[in-house]
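K.L.:
Quick mapping for you: the protein sequence lines, in order, are chains C and F.
When you line the first sequence up against my numbering, it's residues 242 to 588, in that order.
When you line the second sequence up against my numbering, it's residues 242 to 588, in that order.
No wet-lab data here; the hints were simulated from the structure.
If you're wondering where the values come from, they're calculated on a predicted model, not measured in any experiment.
There could be a bad hint or two in this list.
Note that the list lumps identical chains together, so a pair holds whenever it fits in one copy or between two copies.
Stated by the list, open to error - Result set (DSS-like, lysine-lysine): computed pairs, CA atoms no more than 27 Å apart in a straight line:
hint, residue 1, residue 2
1, LYS306, LYS517
2, LYS450, LYS517
3, LYS514, LYS442
4, LYS570, LYS582
5, LYS306, LYS582
6, LYS442, LYS570
7, LYS505, LYS265
8, LYS290, LYS270
9, LYS514, LYS582
10, LYS508, LYS359
11, LYS582, LYS459
12, LYS480, LYS290
13, LYS442, LYS508
14, LYS442, LYS302
Listed below are the residues making up each chain.
Protein chains: 2
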Amino acid sequence: GLLIYSMVTDDKPERLDGPSMAEKDALTKRESGITDQSPMRLRMEEFIKQHQKQIVAELEKIDGKPFHIDTWDRPQGGGGISCVLQEGNVFEKAGVNTSVVYGRLPRPAILKMRADHKALDPDVDSLPFFAAGLSLVLHPSNPMAPTVHLNYRYFETADEAGNTNAWWYGGGSDLTPSYLFDEDAIHFHNTIKTACDKHDKSYYPRFKKWCDEYFSNKHRGESRGIGGIFFDDLDNTEKDQEQLFAFVQDCLSAFLPSYIPIIKRRKDMPFTKKEKQWQQIRRGRYVEFNLVHDRGTAFGLNTPGSRVESILMSLPLTARWQYMHSPEKGSREERLVDVLKNPREWV
Amino acid sequence: GLLIYSMVTDDKPERLDGPSMAEKDALTKRESGITDQSPMRLRMEEFIKQHQKQIVAELEKIDGKPFHIDTWDRPQGGGGISCVLQEGNVFEKAGVNTSVVYGRLPRPAILKMRADHKALDPDVDSLPFFAAGLSLVLHPSNPMAPTVHLNYRYFETADEAGNTNAWWYGGGSDLTPSYLFDEDAIHFHNTIKTACDKHDKSYYPRFKKWCDEYFSNKHRGESRGIGGIFFDDLDNTEKDQEQLFAFVQDCLSAFLPSYIPIIKRRKDMPFTKKEKQWQQIRRGRYVEFNLVHDRGTAFGLNTPGSRVESILMSLPLTARWQYMHSPEKGSREERLVDVLKNPREWV
Numbered sequence: 242g243l244l245i246y247s248m249v250t251d252d253k254p255e256r257l258d259g260p261s262m263a264e265k266d267a268l269t270k271r272e273s274g275i276t277d278q279s280p281m282r283l284r285m286e287e288f289i290k291q292h293q294k295q296i297v298a299e300l301e302k303i304d305g306k307p308f309h310i311d312t313w314d315r316p317q318g319g320g321g322i323s324c325v326l327q328e329g330n331v332f333e334k335a336g337v338n339t340s341v342v343y344g345r346l347p348r349p350a351i352l353k354m355r356a357d358h359k360a361l362d363p364d365v366d367s368l369p370f371f372a373a374g375l376s377l378v379l380h381p382s383n384p385m386a387p388t389v390h391l392n393y394r395y396f397e398t399a400d401e402a403g404n405t406n407a408w409w410y411g412g413g414s415d416l417t418p419s420y421l422f423d424e425d426a427i428h429f430h431n432t433i434k435t436a437c438d439k440h441d442k443s444y445y446p447r448f449k450k451w452c453d454e455y456f457s458n459k460h461r462g463e464s465r466g467i468g469g470i471f472f473d474d475l476d477n478t479e480k481d482q483e484q485l486f487a488f489v490q491d492c493l494s495a496f497l498p499s500y501i502p503i504i505k506r507r508k509d510m511p512f513t514k515k516e517k518q519w520q521q522i523r524r525g526r527y528v529e530f531n532l533v534h535d536r537g538t539a540f541g542l543n544t545p546g547s548r549v550e551s552i553l554m555s556l557p558l559t560a561r562w563q564y565m566h567s568p569e570k571g572s573r574e575e576r577l578v579d580v581l582k583n584p585r586e587w588v
Numbered sequence: 242g243l244l245i246y247s248m249v250t251d252d253k254p255e256r257l258d259g260p261s262m263a264e265k266d267a268l269t270k271r272e273s274g275i276t277d278q279s280p281m282r283l284r285m286e287e288f289i290k291q292h293q294k295q296i297v298a299e300l301e302k303i304d305g306k307p308f309h310i311d312t313w314d315r316p317q318g319g320g321g322i323s324c325v326l327q328e329g330n331v332f333e334k335a336g337v338n339t340s341v342v343y344g345r346l347p348r349p350a351i352l353k354m355r356a357d358h359k360a361l362d363p364d365v366d367s368l369p370f371f372a373a374g375l376s377l378v379l380h381p382s383n384p385m386a387p388t389v390h391l392n393y394r395y396f397e398t399a400d401e402a403g404n405t406n407a408w409w410y411g412g413g414s415d416l417t418p419s420y421l422f423d424e425d426a427i428h429f430h431n432t433i434k435t436a437c438d439k440h441d442k443s444y445y446p447r448f449k450k451w452c453d454e455y456f457s458n459k460h461r462g463e464s465r466g467i468g469g470i471f472f473d474d475l476d477n478t479e480k481d482q483e484q485l486f487a488f489v490q491d492c493l494s495a496f497l498p499s500y501i502p503i504i505k506r507r508k509d510m511p512f513t514k515k516e517k518q519w520q521q522i523r524r525g526r527y528v529e530f531n532l533v534h535d536r537g538t539a540f541g542l543n544t545p546g547s548r549v550e551s552i553l554m555s556l557p558l559t560a561r562w563q564y565m566h567s568p569e570k571g572s573r574e575e576r577l578v579d580v581l582k583n584p585r586e587w588v
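Required output: the full structure, derived from the provided sequences and hints.
P.N.:
Written out as structure tokens, the structure reads:
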């Protein structure tokens with residue numbers, strides 16, 4: 242989900258045969274502001290930054306502790322805002338990041354992406370690209386309250402003159418409980434499904450399945466959590482740009498309604514030491530997925546120059562690996578594992 | 242270091258054109274016992290099992306809590322013994338594993354291994370192979386006491402008639418402190434160097450460097466720990482089999498003398514809550530290396546049918562990821578990180 246941080250593998254200055262995408266966009270912003278007529282790059286950037294503020298404000302209300310905010314600029318244009326809350330009253334660790342990248346995509350990445358985006362020129366060494374996304378991961382302290390992850394991103398490549406070539410959207414949101422409350426799972430999936438259904442009745446079933454397949458700890462034969470939606474490479478072969486942007490906007494806008502009622506219900510529930518320990522074991526599985534299987538994380542960590550602290554913001558504050566731990570027969574812990582081994586339909 | 246668990250990617254029954262390596266070895270054991278004239282497979286197996294017992298006994302004396310022992314057999318021959326101690330008095334988690342595998346090596350693995358072992362036939366779909374190794378990882382509770390890792394292994398391939406084709410040794414041992422005591426680092430390296438020097442004066446410097454290069458969290462530009470030795474693919478282009486076996490025996494025999502004095506000195510030292518927390522952060526880095534960079538672990542987890550609990554035995558019981566944690570100027574924590582960023586010569 243954090244792919245956008247890692248795509249910057251070739252940061253040579255752009256060629257001097259005209260203003261770069263970054264320069265054009267900076268000029269547009271200064272001269273005309275951002276309207277519905279602006280390039281999608283600027284509209285997406287504005288949209289994710291607005292939502293980052295709104296989400297952070299809402300989470301601060303719930304936690305009572307303010308987020309720590311880091312911003313950074315990229316020399317080639319763009320930058321990021323990391324909002325992190327650690328050891329809060331409700332959240333053990335919560336990160337809400339936006340990132341805007343103007344960079345160059347190296348040839349091996351172009352060739353990989355061509356599988357899904359035929360418009361990419363296979364005969365160049367590198368291409369200008371743009372990526373903007375919002376990523377968040379919230380790990381609550383209370384073991385009855387589920388971890389949640391969300392990422393929505395927009396990606397664009399351009400020719401040397403700065404004209405858009407290929408573009409696509411990706412993202413999703415998924416829930417990872419340590420203790421399963423059916424009403425939470427149903428509410429989370431229902432809220433997302435409602436957002437999807439407004440745009441295409443096929444989206445929720447397709448993207449729910451994609452999510453179950455992607456967020457899987459294959460080495461254990463179990464899902465990371467109880468899913469949600471996941472999609473990637475949605476471009477003009479799917480729908481037009483305005484339609485997809487509207488879809489992504491609705492998905493992101495559905496986040497607070499999908500999660501806030503759940504965290505409110507669970508954050509103050511009583512729990513035992515043993516239940517806290519089970520949560521820690523489940524956090525270990527979260528780490529396993531993110532470090533072993535998540536394409537964005539692994540690729541990012543292997544990419545020189547990426548911002549490691551932003552990539553690994555997704556890891557929980559604490560985790561546990563207990564040899565041969567296995568839940569008691571008939572316990573709530575066992576029931577969770579059963580559902581993780583056999584993903585369910587929730588709506 | 243846990244590669245041997247993961248090599249078994251093709252467990253079809255062996256062909257029926259003669260007794261398999263496993264059958265031959267079982268017969269030899271029954272009829273003649275194991276002597277200096279036995280195949281290296283049996284001598285290595287006996288050697289690592291003896292040492293596993295001795296190491297476990299010594300660690301139990303120090304901890305006061307017994308190890309939990311799991312054994313398992315592999316249907317094609319061979320098996321494993323996992324000795325694990327969790328939440329002991331001295332060790333938060335300690336695992337000492339032996340594993341003996343008779344299996345078949347699939348073609349992609351053969352082609353990779355040919356880079357170092359020209360005797361491998363590139364024109365077959367799979368080859369019988371044998372692997373035996375001992376792996377251990379000890380994570381003490383006290384943050385002043387370092388984590389230690391060791392792995393020694395012997396690998397062999399055969400033709401369909403069960404005649405040895407290629408063979409090699411690999412392994413090493415390395416130390417990962419949260420707080421650096423120079424005397425510990427010097428003692429650890431010195432003990433290993435003495436074992437190496439008996440066999441070849443070039444071994445310690447070569448394998449010390451290899452260790453620094455291998456156990457590196459490249460994404461953070463820092464080593465996992467303060468090193469030791471690491472080597473792989475030592476075959477008859479290096480020395481003859483008896484000489485290399487003697488070398489590996491001396492390395493493994495050097496383990497207790499290299500580590501026991503250190504754990505005795507550190508296990509009861511006073512420490513603060515803040516120091517415990519720093520250890521937890523360092524444990525997080527240990528997890529990062531093992532899940533992101535360690536070839537054996539990653540390959541194992543991506544291989545169907547491997548014993549996940551044995552592979553992940555190397556992970557600490559508890560770990561921590563704290564956003565943007567950075568040690569105070571001039572602190573002991575900062576000094577450790579400096580050394581991890583610039584590996585030192587200790588002897």
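K.L.:
Each hint should be assessed against the structure and marked as holding or not.
P.N.:
Cross-check of the supplied hints:
no. : hint               : result
1   : LYS306 with LYS517 : both (22 Å within a copy, 25 Å between copies)
2   : LYS450 with LYS517 : neither (30 Å within a copy, 42 Å between copies)
3   : LYS514 with LYS442 : neither (44 Å within a copy, 54 Å between copies)
4   : LYS570 with LYS582 : within (15 Å within a copy, 47 Å between copies)
5   : LYS306 with LYS582 : neither (36 Å within a copy, 35 Å between copies)
6   : LYS442 with LYS570 : neither (39 Å within a copy, 57 Å between copies)
7   : LYS505 with LYS265 : neither (44 Å within a copy, 65 Å between copies)
8   : LYS290 with LYS270 : within (15 Å within a copy, 70 Å between copies)
9   : LYS514 with LYS582 : within (25 Å within a copy, 38 Å between copies)
10  : LYS508 with LYS359 : neither (47 Å within a copy, 61 Å between copies)
11  : LYS582 with LYS459 : within (10 Å within a copy, 34 Å between copies)
12  : LYS480 with LYS290 : within (24 Å within a copy, 63 Å between copies)
13  : LYS442 with LYS508 : neither (33 Å within a copy, 61 Å between copies)
14  : LYS442 with LYS302 : neither (34 Å within a copy, 65 Å between copies)
The structure does not agree with the numbered hints 2, 3, 5, 6, 7, 10, 13, 14 stated previously, though it agrees with the rest.
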